[in-house]
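Listed below are the residues making up each chain.
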Amino acid sequence: MGTLSERILGAPAGAYVDRAVDRAFVHDGTGVLTLESYRQMGAKGLFDPSKIHVIFDHIVPANNSTTATLHHELREFAKGSFLNFSDVGGGICHQCMSEGAVLPGEVVVGADSHSCTLGAFGAFATGVGATDMAAIWLTGETWFRVPETIGVRLSGRLNGAVEAKDVALSIVGRLGMDGATYKALEFIGDGVTTLSMDDRLTICNLAVETGAKTGMFYADRITLSYLAGYGLTAEEQTSERPVYEQEIEIELDDIPPVVAIPPRVDSIRAVHDLTGLALDQVFVGTCTNGRYSDLSRFARIVRGKKVAVRTIIVPASRSVLAEAIRTGVLADLVAAGCTIGTPGCGPCLGAHMGVLGEGEVCLSTTNRNFRNRMGVGGEIYIGSVATAAASALEGEITEPEAPDAG
Amino acid sequence: MQGKGRAVCLPADIDTDIIIAGRYLRTKDRSIWAEHVFEDLDPSLGKNLKGAVIVAGKNFGCGSSREQAAIALKEAGVIAVVAPSFARIFFRNAINIGLPLIEADVTCTNGRQIAFDLSAGWIDTGTGKRKVARLSLHMLAILRAGGLVAYWKVKQ
Chain A
1 MGTLSERILG APAGAYVDRA VDRAFVHDGT GVLTLESYRQ MGAKGLFDPS
51 KIHVIFDHIV PANNSTTATL HHELREFAKG SFLNFSDVGG GICHQCMSEG
101 AVLPGEVVVG ADSHSCTLGA FGAFATGVGA TDMAAIWLTG ETWFRVPETI
151 GVRLSGRLNG AVEAKDVALS IVGRLGMDGA TYKALEFIGD GVTTLSMDDR
201 LTICNLAVET GAKTGMFYAD RITLSYLAGY GLTAEEQTSE RPVYEQEIEI
251 ELDDIPPVVA IPPRVDSIRA VHDLTGLALD QVFVGTCTNG RYSDLSRFAR
301 IVRGKKVAVR TIIVPASRSV LAEAIRTGVL ADLVAAGCTI GTPGCGPCLG
351 AHMGVLGEGE VCLSTTNRNF RNRMGVGGEI YIGSVATAAA SALEGEITEP
401 EAPDAG
Chain E
1 MQGKGRAVCL PADIDTDIII AGRYLRTKDR SIWAEHVFED LDPSLGKNLK
51 GAVIVAGKNF GCGSSREQAA IALKEAGVIA VVAPSFARIF FRNAINIGLP
101 LIEADVTCTN GRQIAFDLSA GWIDTGTGKR KVARLSLHML AILRAGGLVA
151 YWKVKQ
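Listed in order, the protein sequences are those of chains A and E. The numbers in the first sequence follow my numbering, run straight up by one, and end at 406. The numbers in the second sequence follow my numbering, run straight up by one, and end at 156.
Incorrect hints may appear among the rest.
[Stated by the list, open to error] Result set (PhoX-like, lysine-lysine): computed pairs, CA atoms no more than 25 Å apart in a straight line:
id, chain 1, residue 1, chain 2, residue 2
1, E, Lys4, E, Lys47
2, A, Lys44, E, Lys153
3, A, Lys79, E, Lys131
4, E, Lys153, E, Lys28
5, E, Lys129, E, Lys4
6, E, Lys50, E, Lys28
7, E, Lys4, E, Lys28
8, A, Lys44, E, Lys155
9, E, Lys58, E, Lys131
10, E, Lys129, E, Lys58
11, E, Lys58, E, Lys28
12, A, Lys44, E, Lys28
No wet-lab data here; the hints were simulated from the structure.
Bound conformation, chain A alone (with noise of 0.2 Å):
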């Protein structure tokens, strides 16, 4: 009985728990911080490495020797504990953890605001900061209140152009920056079963985008035969009578591509009413778009033709790379004049790889378009996968046309 939530953490809505947590991660921002207070604690060991993920995304390779020095150190320890470790190149954490680390009815924690993204699975997946992760390193467990939830049904199916991007980006419109504060959302109605595994990552993605402390999806046979291909094996989750604290609908046919306006998430604006807003950047990338389904899609609109606007795209992952390389993905992207980066986080950060110089206009398939976040002076706008591949191609604002039927 209970919202997905309650089952996992195992208490209703509003109590404290202390819970295990069955993984772990870190990644070379927070996990320079995680180790010095883990240190700091006095600690004398991991309660079990290997729960526990180091992966390095956020600037990779290092930028400068100062942040090279800082990896060194988090790589020297993260080789000599027996833990998890993936290094520069291997990809972004979240999107590492979903090719085959996190299943069904697990808690997961990563000290990364974005460990949402892992609710795709049903899992309770949810961010903390650097301390909190040392204290998790140190004991295997960390206290969480247990939230309450607010079901978003979805009914219907994406039309033409439309992709899971603005349908999240739409949810955190409907809700706001902090609709979702404490609290959890999830993911219901006929609409989830036209939803792949990469649709619900992104969508679980912007759920920290209202507040929220996870996004989740019933584990279903779409899951299931996702985690199948990592030879993992899960059991469906059904419905067992949540008691939701509000209910939202959204009709997945109404929606229209979509952009964020800066410097807010929740301004939320279709790109029809944007068209013509001339852009110097074009990025492609990171957990919440940076897949290869993402990729390819991008390709396709874009084989054949020519970007008019500098475009970065870097793949979310080693994996989502070769599988572009393989099918000839990369190839087409390069022929278009994109230019490629290293999987990792990209220039979402402005630390590097992309970042924009003052008054400059980034149009981005990320999930922040905070004042300055990507540079001084620059502003993003966030968009779809679709909507960014178009956009490319006249150097401006350009709404997305639905693909050939076929």
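Fit chain E to the known structure of chain A by using the hints.
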């Protein structure tokens, strides 16, 4: 746990990128975070935070999980942050590094004295004590220890 300080008013939805920009994160030198705190919002604000109680609008600390945001505020001399609501990761981070937070919707006048008691659960913005939700005993224990590092150092 009591405290007091001078009010510094801020708007709603202050994100952690605006508290400390991503370009300053690759260091372990905490003074760098204090030096650049709120730089992209108002470069003069950081120098004005010693002894300050920040009074902000809803959803303070939204966005990135960077703990450096909470550390930057503490290192810059912030005594506590008051807001109607906090983003949950920031909330945990602040308690974990020993920065008191008070969930309350109060009107703010820059410079006015603000007093609070976390254990008793009240805040006084100059118009008398007003009840606020108390932190859980667990969170109070972490704050009393001076943060989660000190808490575990003792407990181990």
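Comparing the hints with the structure gives:
no.	hint	verdict
1	E/Lys4 x E/Lys47	holds, 18 Å
2	A/Lys44 x E/Lys153	holds, 11 Å
3	A/Lys79 x E/Lys131	violated, 50 Å
4	E/Lys153 x E/Lys28	holds, 20 Å
5	E/Lys129 x E/Lys4	holds, 13 Å
6	E/Lys50 x E/Lys28	holds, 21 Å
7	E/Lys4 x E/Lys28	violated, 29 Å
8	A/Lys44 x E/Lys155	holds, 13 Å
9	E/Lys58 x E/Lys131	holds, 18 Å
10	E/Lys129 x E/Lys58	holds, 21 Å
11	E/Lys58 x E/Lys28	violated, 30 Å
12	A/Lys44 x E/Lys28	holds, 22 Å
Of the numbered hints stated above, those contradicted by the structure are hints 3, 7, 11, listed in ascending order.
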